[in-house]
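2 protein chains.
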Amino acid sequence: MRGVVMHGRGDVRVEDREVPRIVEPTDAVIKVEAACICGSDLWPYRGVDELAVPRAMGHEYVGTVVEVGGEVTGVEPGDFVVGSFCLSDNTCEICRSGFQSRCINGGFIGDTQAQYTRVPLADGTLVVVPGGKPEDEDVIASLLTASDVLGTGWFGAVAAGASPGRTIAVVGDGAVGLCAVLAAKALGAERVIAFSRHEDRAALAREFGADAIVAERGEEGAARIKELTGGYGAHGVVEAVGTQESMLQAIASCRPGGHVGYVGVAHGVSLPGDVLFRAEVSMLGGPAPVRRFLPDLIERILEGRINPGRVFTQRLPLEEAPEGYRAMDERRAIKVLLRP
Amino acid sequence: MRGVVMHGRGDVRVEDREVPRIVEPTDAVIKVEAACICGSDLWPYRGVDELAVPRAMGHEYVGTVVEVGGEVTGVEPGDFVVGSFCLSDNTCEICRSGFQSRCINGGFIGDTQAQYTRVPLADGTLVVVPGGKPEDEDVIASLLTASDVLGTGWFGAVAAGASPGRTIAVVGDGAVGLCAVLAAKALGAERVIAFSRHEDRAALAREFGADAIVAERGEEGAARIKELTGGYGAHGVVEAVGTQESMLQAIASCRPGGHVGYVGVAHGVSLPGDVLFRAEVSMLGGPAPVRRFLPDLIERILEGRINPGRVFTQRLPLEEAPEGYRAMDERRAIKVLLRP
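If you're matching them up, the sequences are chains A and B in order. Per this note's numbering, the first sequence runs over residues 1 to 340. Per this note's numbering, the second sequence runs over residues 341 to 680.
Hint data in this document are derived by calculation from the structure and do not stem from the laboratory. Given the structure is predicted, the values throughout are model-derived calculations rather than measurements. Do not take every clue at face value.
[To be verified] Pulled from the structure, derived: some chain A residues nowhere near chain B, Cβ distances all over 12 Å: (1) 16; (2) 19; (3) 24; (4) 71; (5) 94; (6) 110; (7) 216; (8) 258.
[To be verified] Per the computed footprint, the stretches of chain A lying under chain B, defined by three or more beta-carbons under 8 Å from a beta-carbon of chain B, are: (9) 95–108; (10) 228–237; (11) 268–277.
[Unchecked claim] Label pairs and their calculated CB-CB ranges: (12) 70(A) <-> 571(B): 25 to 35 Å; (13) 555(B) <-> 331(A): 26 to 36 Å; (14) 585(B) <-> 107(A): 27 to 37 Å.
Cβ coordinates follow ideal geometry from the N, Cα and C atoms, glycine included.
Bound-form chain A, shown alone (with noise of 0.2 Å):
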């Protein structure tokens, strides 16, 4: 089969690889019918982390059940399934609290950008679609989102508190903050404030329900929060960029007692104590637990009630992948899928 593996800066090539087998019990195989490259995926390529040894890339799935293991009970050949990015049985007690992204047993998939992937832990990881594979590619690409990055933007919209009265602010325009905005308005919150200076994906921002945008950042970002919340500051924030100046930059437009939700993966972060003291913020954050939302997300994607799929700015064939890496390093692509 085909995959993408990374070789090092700026080095993508989509290469032949062994088709994927069961090696667990608890494993299902699965035909990829769409994968996609993630904000993530460019810290490696812009070398910020640095690859001791070639990666296989993707952690973002949805795709047919080919193979299961013996002791998987809860999907078969043939289910069209979505599947979180981070693996967890759904059964231990930090599951069923709702963080499956910290499974006791859990980790995270690593290879989805490719033909075939492998899925650990399928029963606890994998969730059916209901209807079978959808003929709109539209909704399949808003299924694919389900497997992170909207899942991911969801996640921190309920960590930031969204619900209705709230306001809420996000920072980061990337995928991820687009989709923090659109799950905050459709977790009811009255009032959505995305920063953003570029103007396409001020739009989409817009689109996906944002009642303002602002163009500031750090400190006057802030203050432009307090300004449009009668010197409060926002209800709750969604930090989806993952640096020390967004990381500061969603506290201080926060109000005290409110909630800040951070999603981006935290880069040369370090936050001062007496910040967060003098804040009294609430924070949480880290990779999110997508299985918890993926039921519902799909069932408003199958109704149509949201539409995450129009991140995907450009579509390309798995063989191109190359120029999707490309394409989103330099901002010409908010996210592109692949079509394996």
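With the hints as your guide, set chain B onto chain A.
Same frame as chain A, but now just chain B:
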């Protein structure tokens, strides 16, 4: 009148000072019936916080109202009152959301180790004790704790999610940590684990409801908590010290999806973003919104359901405040009550 003034490292004096008068129409002046020395008073005493000018000390107090400003309607001369160390109007949006410690018009009281003190924003800061001044000195001592040390431990326990079925760990065996043990138990926690390696403090922790004492610290301490909780970590952890080590110990002791309530005033803390991201715990802390809890705490104390005044292992006349500071600095006393 007489009052405590800190002149520099290790230099605390009781001096003649002006009796405070009403300045703003929202002020009250109270005769301080009992005050005390806070662990945070030791930061300047030890020279960790440098003083540019001498500082009138004290922020915990119970007392009798002697005078009120023209706009005060909630308290009147003769009332026996407990007040928060944080001043609050108790009407702004932040106060109404339960974060009176960050009142948009608020601040901190700062000179209660004295015979009289002025309380700004009296209506929103003071709570009248039903039935007037208690005859029992131990009840007065317990009411005094509600002003900060108990209220702060209580906030830590609430932020840590203390409730039935939960295991709560407490980092720090100072008076705040001990009050957090009491609070976690009073809030219904199934199991409370206190970190301590001092027998007198461990004994009081047990009296306050601790089910287990862990002497290990740092990573070893966190590992011990995991051993005691089926490998998962505590559901919630209260951090009541304020150092880098104690914060990291608290985070490491908490299960993913759990809650860390940090109430130790942060000194030299810098939290690595990747540690927070991987831990995936909710973090909330800062100055305690004591006012939120005061009516409930007063009721519990008057009913004899909690006896937090036990943290005062030494009671001294105000004139002997310097000895009180020494006793706390040398850890001969857990907490010192001062009688003006």
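Hint check against the structure, violated hint numbers in rising order: 5, 8, 13
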